[in-house]
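The primary structure of each chain is shown beneath.
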Amino acid sequence: MSECELKRQLVIIGGGPAGMSAALAAYDAGIRDLVIIERDEKLGGILQQCIHNGFGLHRFGEELTGPEYAARYEAQVREREIPVLTGTMVLDITPAGEGQPIAVTVTNAASGVFTVEAGAVVLAMGCRERSRGALNIPGTRPAGIFSAGTAQKYINMKGYMPGREVVILGSGDIGLIMARRMTLEGAHVHAVCELMPYSGGLARNIEQCLHDFDISLLLSHTVVEIHGKERLTGVTIAEVDERRRPKPETRQYISCDTLLLSVGLIPENELTQQASIPLDRVTNGASVDQDRQTKVPGIFSCGNVLHVHDLVDYVSEEAEIAGRSAAAYLMGTDDAEKVNIPVTTDGKVRYTVPQTITRKKPVNVFFRVADVYRGVTLKVTDQNGTVVYTKKKPRMAPGEMESVTIRPEQFGEAESLRFSLEVN
Amino acid sequence: MYDAAVIGAGVVGAFIARTLTACRVRVVMLEAQNDVAKGQSSANSAIVHAGFDAKEGSLKALLNVRGSEMMENVCRELGVKYRRNGSIVIGFNDEDKKTLEALYERGVTNGVREMSLLTGDEARAVEPGLSPAVTCALFAPTGAIVCPYELTMAAVGNAMDNGADLKLNFKVDSITDRGDHYEISDGTQTIEARYVVNAAGVYSDAVAAMVGDTSFDVHPRRGEYVLLDKTAGRLVDRTVFRTPSKMGKGILVSPTVDGNLLTGPTSVDMVDKTDRSTTQEGLDKVMKEAAENVPAIRFNCSITSFTGLRAVGSTGDFIINSPAPRFVNAAGIESPGLSSAPAIGLYVRDLLGTLGLDVTPRDDFDPIRPALHGFRDLPAGQKNEIIKKDPAYGHVICRCETVTEGEILAAIRTNPKPSDLDGVKRRTRAQMGRCQGGFCSPVILDLLAKELGISPLEVTKCGGRSNVLMSKTKSEEVDV
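Going line by line, the protein sequences match chains A and B.
Under the numbering used here, the first residue of the first sequence carries the number 1, and numbering increases by one thereafter.
Under the numbering used here, the first residue of the second sequence carries the number 425, and numbering increases by one thereafter.
Take every hint as true, because none was put in to throw you off.
Residues from chain A shown here face chain B by an in silico Cβ test under 10 Å; the list is partial:
1. Thr107
2. Asn136
3. Phe146
Hints listed in this document are in silico derivations from the structure and should not be mistaken for laboratory results.
The C-beta atom is built at its ideal place from N, Cα and C for all residues, glycine as well.
With the sequences and hints as input, model every part of the structure.
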């Protein structure tokens, strides 16, 4: 279908919060020849099914539901008449060759398989949930085991209850939200089990979704066996020791028909990997500079496909950086002689995004920590161990993304920076 | 009245039914489950064995080598993926080496071609992912891989397209000889057939007992597997076996025809023929031994784990005989049953011929069945021709495995038709990727409900009472 071959200065893959924000920022920076490619029939991404509130506190100073938050961005996309290809799946990205543009191969029902040529691409494909298979929980394989997001889709988008007697494994935010949602729909949530000695979810969600509904959070607990041949009939849970091994004497059977899994989110980087764009082994997202440009020139990444965020507000913020930077790249106004210095971490700081930063401008560096730390000092040192920046905080936890702004004058001619934590 | 009833629609029953349908035989397949390939044909090592394992002179040896030689052509006819990737059996010490030498000799006797004995270094040259601890190996380039349930579904579908009938949810509970035919009943319906073939897998001893044959038992042997994502699919190219012991062939590491990496199975004798659960010890053993074979394996990219139950016969060999008039057992078909299945079809046909069934070939039998998932491998131009006719082929539903709505609808409408989510999964690979249906199963559930003309509440994961959804939400109850 050569008549459908498209050429666009900028192609944005994904029409969720990241894709929309990136498109808006690029448009506002002067790019008019762009397109958003979205696999769903509608814009909004996963926000469409997140009907709870709590979105937009940072950006808009008010609590919006997911669809409301998405609608604000969608209205702006429509207002600017930014073209959107919905129901369209990207099959392949081929990075630019010599004198060749980036080639994005897509398929949809209307036009079949065709290629969109692009000067630049923003990756904004979001993330997916870890499945039961990734955990290898022993037992049977009955109906009634859902990732929390799948259950959310059935309830909020389709109007169906996937179960009545529920155990939730993992205290990620979607699991916490679904504990409340299923309770409100009349289900009985027996417990939320969390393998770690702390929750990976936001503190406010533990308060509002569990405590307010008297749902117990069993820390250092996991599901060790799944029962039931057709539909789930129960799970065996157990406490785990400090090395996360189940203690046999604590095994306990809970009769239930539904097990929801909220055991982690994985950036959906299959396209990125196919395109041989280097990934960060900790984030499972692309390794980027302060402009959210990947190691492949002209390809940018933002939102949950880059690293899993806790708040959509930060997704929008990051996507705007990517959109603006892609525009600058296309218009040749980006900083041509930027020198990037790598940022490393000590393990207590698990990762940073971006992974390299420039000496030319202040950079907001996002990071997550590996454990719950109290009375903690973030230290940024150069290659000689000289401390160039410190910040104290009473508490840092894996569930909450942290950020600090690092300024060039702070680190001068440093060749590399290292983020580490000192626990008092 | 049917000419022949085949009890069991696993890979063995499927090939018997297909082979008979290619003759002037009216066949009905009776399957206890709600889909075909639900027993050991759904969960095994997916290997077409070269044929060096089975004892010289046994039926296993004869039919394995024959079946293995037929398999490539059979798969071509049925549109089933097949890859002759070669098998390599690795050893870690002198005792293993002796066993491998014996296997080599046995393979030569059985008629296996092109085998060779290798040193550890030679083995690593053939398969660089092997452990440095490997000291010796047996290499059999004729070993191959195939998807067992895809093969079974294709063989059943091909038989059906040529006129065979399939009755699902038909759990045989009595077989009565009426002199010139049998009445086979599940308690509510009765099927009449002049000849009966027992291919009932782990239940084949119970079926044989219905005609008075209690000469053998079949017990289930649990085999647990861990399947890894396609990102691990290229860690090895050959199927890597350990040197076999009394309890089977040990933990293997193998690519699958679909590009994943399969590890397993354990080998634990069981009593309960319905217990398909996995165990922590079993999964731990699979992961530990797989890593001993191929040290680069990382199980953080596992996408599922499952158990298969092999039908282990008490005689040590396949039990293919006629214990009663016009009645044939194809029982105790454990490994290498998958490899042997096409040859078992011929063997049983010939046996029925000697019992008086007219097995004259039909000239209007069409052995060709188009591949169900050929679409994804087509070049863009050909895809677009299909999408122009049916836009559903342009609409991707399963993002992990890139399966389109068109392929899913085609699978729902093609013999043998699926009736549940797992049935669609096994036919299309939709829900079989790294997200395990997290994104696409709600969409497939809707498609299935619409196609079957049932409520989404009635859609099951795997038949019976495995309903996915339980009720409408409060607001839906009020508004709709």
